[in-house]
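Same order as they appear, the protein sequences are chains V and A. Note that the numbering used here has the first sequence beginning at 89, numbered continuously upward. Note that the numbering used here has the second sequence beginning at -9, numbered continuously upward.
Hint data in this document are derived by calculation from the structure and do not stem from the laboratory. The C-beta atom is built at its ideal place from N, Cα and C for all residues, glycine as well. It cannot be assumed that every hint is accurate.
[Unchecked claim] Where chain A lies over chain V, by a calculated footprint (3+ residues, C-beta under 8 Å): (1) 99 to 108; (2) 132 to 139; (3) 143 to 157.
[Said to hold, decoys possible] The calculated label-pair distances, taken between Cβ atoms and stated as ranges, are: (4) A:253 - V:138: 22 to 28 Å; (5) V:106 - A:153: 27 to 33 Å; (6) A:50 - V:101: 55 to 61 Å.
[Claimed, not checked] Think about it this way: if two alpha-carbon atoms lie no more than 30 Å apart in a straight line, the pair counts; the simulated DSBU-like pairs of lysine-lysine are: (7) A:214 - V:104; (8) A:214 - A:185; (9) A:16 - A:30; (10) A:16 - V:104.
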Amino acid sequence: MATMTLTVNGEPRELKAGTDLAQLLQQMQLNADCVAVECNHLILERETFATTTLNDGDSLEVVQFVGGG
Amino acid sequence: MQIHLNERTVSIQSDETLGTIRDRFKPEADILILNGFPAKGDAKMTAGDRVVLIRRGEIPEAAELEAQLMARSTPGVYEAVHGATIGIAGVGGLGSAIAVALARSGIGRLVLADFDVVEPSNLNRQQYFIDQIGMPKVDALKANLARINPNVQTALFHGRLDRDNIPQVFAPVDILVEAFDAPDQKALLVGAFRKHFPDRPLVAGSGMAGYERANSVITRRGGKNFYICGDGESAAAAGNGLMAPRVGVAAHHQANAVLRLLLGEEP
């Protein structure tokens, strides 16, 4: 099975080739409605998560929001 | 030599002290502030010093008010912040405290957005009063800020923020503060603003419920021009409420991050 290595919040992470962003968030057990995502310094909005294909070498910053304010 | 006296430039003799300056310009003053810190009459002067003379209990004239309000700020801070416009999305526990802290710091203009009205359960942590119950929060906050620092200009948006209106409402801001309650709304705001204005800083809050240690609340970077204040995990939930101390800690992390950004420092 082909894999790829990405950097997620500064840590290396191995994923199955072809994984999209929505699937990665699922693996990380994060609710896609409550995260902020930056991929290679580009801001991504919720609507594009399922159509954002990840590639070997991508660098992601994923921030989870919890309720309260 | 020249010094700044109540924000005006005045010429003094090189052998003058803080006391002789008081006697000459405002003999009734009983609070003498030199470069942001109270000082005694025998303090010697250096060119460029900032002096504020205050008579305890006296409400100053409008022209002098600003200088006296900022007398205890670190010199240079007011000059750096009074031209700034800061947006605050949500003026509940976080946003109302952030607005108060920034108004007290001398921020020039605040864009305040919130759909809600003041209700009794807000008063355990939000900067409102019993007699404001039922008022739109943005109106109540505007009134409270005017009583603290009338020089702060406010622009109000009373309504729900969405992907379409976020870029319009916050078009004038130099920095946006995210101060919502619901996590999906936080994410939506952060995504929409950063997408539209990737070069403008955004300071968000996440994780400040309960009464865990205050020291677990931190300010960290979450991406380009993006900072998050909170412990990142204490969600408001049944059994874990929101209370003034820890919400206030997170709010003031956010306000301090704004101040640092305006002063050119990394939060």
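- Taking 8 Å as the C-beta cutoff, is the stated coverage of the region 132 to 139 of chain V by chain A satisfied by three or more residues? holds (count 3)
- Taking 22 to 28 Å as the hint, is the beta-carbon distance of residue 253 (chain A) and residue 138 (chain V) inside that range? violated, 41 Å
- Task: With a cut-off of 30 Å on the C-alpha distance, tell me whether residue 214 (chain A) and residue 185 (chain A) pass.
- Result: Roughly 11 Å between the alpha carbons, so the hint for residue 214 (chain A) and residue 185 (chain A) holds.
- Task: Could you tell me whether the CB distance from residue 106 (chain V) to residue 153 (chain A) stays inside 27 to 33 Å?
- Result: holds, 29 Å
- Does the Cβ distance between residue 50 (chain A) and residue 101 (chain V) fall inside 55 to 61 Å? Hint holds: Cβ distance 59 Å, inside 55 to 61 Å.
- Hint consistency between residue 16 (chain A) and residue 30 (chain A) [alpha-carbon to alpha-carbon, up to 30 Å]: holds, 15 Å
- Taken at face value, is the distance from the CA of residue 104 (chain V) to the CA of residue 16 (chain A) at most 30 Å? violated, 75 Å
- Counting residues of the region 143 to 157 of chain V that have a beta-carbon nearer than 8 Å to any beta-carbon of chain A, does the count reach 3? Contact hint for the region 143 to 157 of chain V vs chain A: holds, 8 residues under 8 Å.
- Item | 30 Å limit on alpha-carbon distance, applied to hinted pair residue 214 (chain A) and residue 104 (chain V) | This hinted pair holds, its Cα atoms lying about 27 Å apart.
- Message: Between the region 99 to 108 of chain V and chain A, are there enough contacts, at least three residues with CB-CB distance under 8 Å, for the coverage claim to hold?
- Response: Per the Cβ count (0), the hint is violated.
Going through the hint list in order, the structure does not satisfy hints 1, 4 and 10.
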